[in-house]
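**Q** Please build the complete structure, drawing on both the sequences and the hints.
There are 2 protein chains.
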Amino acid sequence: MSGFRHVVMFKWAEGTTTGQQDEVAAKLGQLPGRIPEIGTYSIGVDAGVNPGAYDFVVVADFADRDAYLVYRDHPAHRAMIEEFIAPIVAERAAIQYET
Amino acid sequence: MSGFRHVVMFKWAEGTTTGQQDEVAAKLGQLPGRIPEIGTYSIGVDAGVNPGAYDFVVVADFADRDAYLVYRDHPAHRAMIEEFIAPIVAERAAIQYET
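Line by line, the protein sequences give chains A and B.
Here UniProt numbering is used: the first residue of the first sequence is 1, the next is one more, and so on.
Here UniProt numbering is used: the first residue of the second sequence is 1, the next is one more, and so on.
Be a bit skeptical, because a hint or two may be false.
In this list, chains with the same sequence are indistinguishable; a pair is considered to hold if it fits within one copy or across any two.
As the list claims (entries may be wrong) - With a straight-line cut-off of 25 Å between C-alpha atoms, the simulated SDA-like cross-links for lysine to any residue are:
| no. | residue 1 | residue 2 |
| --- | --- | --- |
| 1 | Lys11 | Asp64 |
| 2 | Lys11 | Ser42 |
| 3 | Lys11 | Leu69 |
| 4 | Lys27 | Ser2 |
| 5 | Lys11 | Asp46 |
| 6 | Lys27 | Ala86 |
| 7 | Lys27 | Arg72 |
| 8 | Lys11 | Asp61 |
| 9 | Lys11 | Pro36 |
| 10 | Lys27 | Trp12 |
| 11 | Lys11 | Val58 |
| 12 | Lys27 | Ala63 |
| 13 | Lys27 | Gly15 |
| 14 | Lys27 | Ala94 |
| 15 | Lys11 | Leu31 |
| 16 | Lys11 | Pro51 |
| 17 | Lys27 | Ile88 |
Hint data in this document are derived by calculation from the structure and do not stem from the laboratory.
**A** The structure is reproduced here in structure tokens:
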């Protein structure tokens, strides 16, 4: 395997509803159809195994760093973050790495 | 795809050397040979694209939640954490989810 992976986790603010989280998942799920640079796109909700875990995660694989940057800066992605994620984020943790 | 994924990121404490980080990667890299419950095991170091990113990440895939729990609690894993990771961790972010 050779490529570039983006991983981001969120903890939601107190009072965030499952409906809001579902909306984030649904909106993110539309991005692969709009941003062809996305290779694989895995969205997950914490399974509740360990205390202190983050609430929500995206693991996205790209052909290379440039493809990731197209995704990062894509207007559909930015608008989705602004409208649905930013209002409910309490904590964010992210990393990008070569796979 | 159907399985269970564990994602964990670390920020290292100030003064952590690349040698220490390499040692963590090397020791983690031995775990799949010792813990057969591990499916795929991806270790990464931040590519330096975005400010504020975490330093180090592990994305591990398992057949199911029980297989993950074997890994989580395996003595080889716990000893490795205790000896090589715990002394240099500043921040940790983790999530587990069904894939």
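**Q** Against this structure, judge whether each hint is valid.
**A** Consistency of the hints with the structure:
For a Cα distance limit of 25 Å, the shortest separation of Lys11 from Asp64 across copies, 24 Å, qualifies, whereas the shortest one inside one copy, 28 Å, does not. In the homo-oligomer, the alpha carbons of Lys11 and Ser42 lie at most 25 Å apart both inside one protomer (17 Å) and across protomers (23 Å), since each shortest distance falls under that limit. In the homo-oligomer, the alpha carbons of Lys11 and Leu69 lie at most 25 Å apart both inside one protomer (24 Å) and across protomers (23 Å), since each shortest distance falls under that limit. Taking the closest pair of Cα atoms, Lys27 and Ser2 come within 25 Å of each other only across two copies (22 Å); inside a single copy the shortest separation is 28 Å, beyond that limit.
Taking the shortest alpha-carbon separations for Lys11 and Asp46, both the intra-copy value of 10 Å and the inter-copy value of 21 Å come in at or below 25 Å. Taking CA atoms no more than 25 Å apart as the test, Lys27 paired with Ala86 passes inside one copy only; the shortest distance there is 13 Å, against 37 Å between copies. In this assembly of identical chains, the alpha carbons of Lys27 and Arg72 lie at most 25 Å apart only when taken from the same copy (15 Å versus 32 Å across copies). In the homo-oligomer, the alpha carbons of Lys11 and Asp61 lie at most 25 Å apart both inside one protomer (22 Å) and across protomers (22 Å), since each shortest distance falls under that limit.
Taking the shortest alpha-carbon separations for Lys11 and Pro36, neither the intra-copy value of 28 Å nor the inter-copy value of 31 Å comes in at or below 25 Å. Taking the closest pair of Cα atoms, Lys27 and Trp12 come within 25 Å of each other only inside a single copy of the chain (16 Å); across copies the shortest separation is 33 Å, beyond that limit. Taking the shortest alpha-carbon separations for Lys11 and Val58, both the intra-copy value of 12 Å and the inter-copy value of 19 Å come in at or below 25 Å. Taking CA atoms no more than 25 Å apart as the test, Lys27 paired with Ala63 passes inside one copy only; the shortest distance there is 23 Å, against 28 Å between copies.
With identical chains, the CA atoms of Lys27 and Gly15 are at most 25 Å apart within one copy only, with a shortest distance of 20 Å there and 40 Å across copies. Both within a single protomer and between protomers do Lys27 and Ala94 lie at most 25 Å apart by alpha-carbon distance, with minima of 19 Å and 23 Å respectively. Taking the shortest alpha-carbon separations for Lys11 and Leu31, only the intra-copy value of 21 Å comes in at or below 25 Å, while the best inter-copy value is 29 Å. Both within a single protomer and between protomers do Lys11 and Pro51 lie at most 25 Å apart by alpha-carbon distance, with minima of 13 Å and 19 Å respectively.
Only within a single protomer do Lys27 and Ile88 lie at most 25 Å apart by alpha-carbon distance; the minimum there is 14 Å, versus 37 Å between protomers.
In summary, the one numbered hint that this structure violates is 9.
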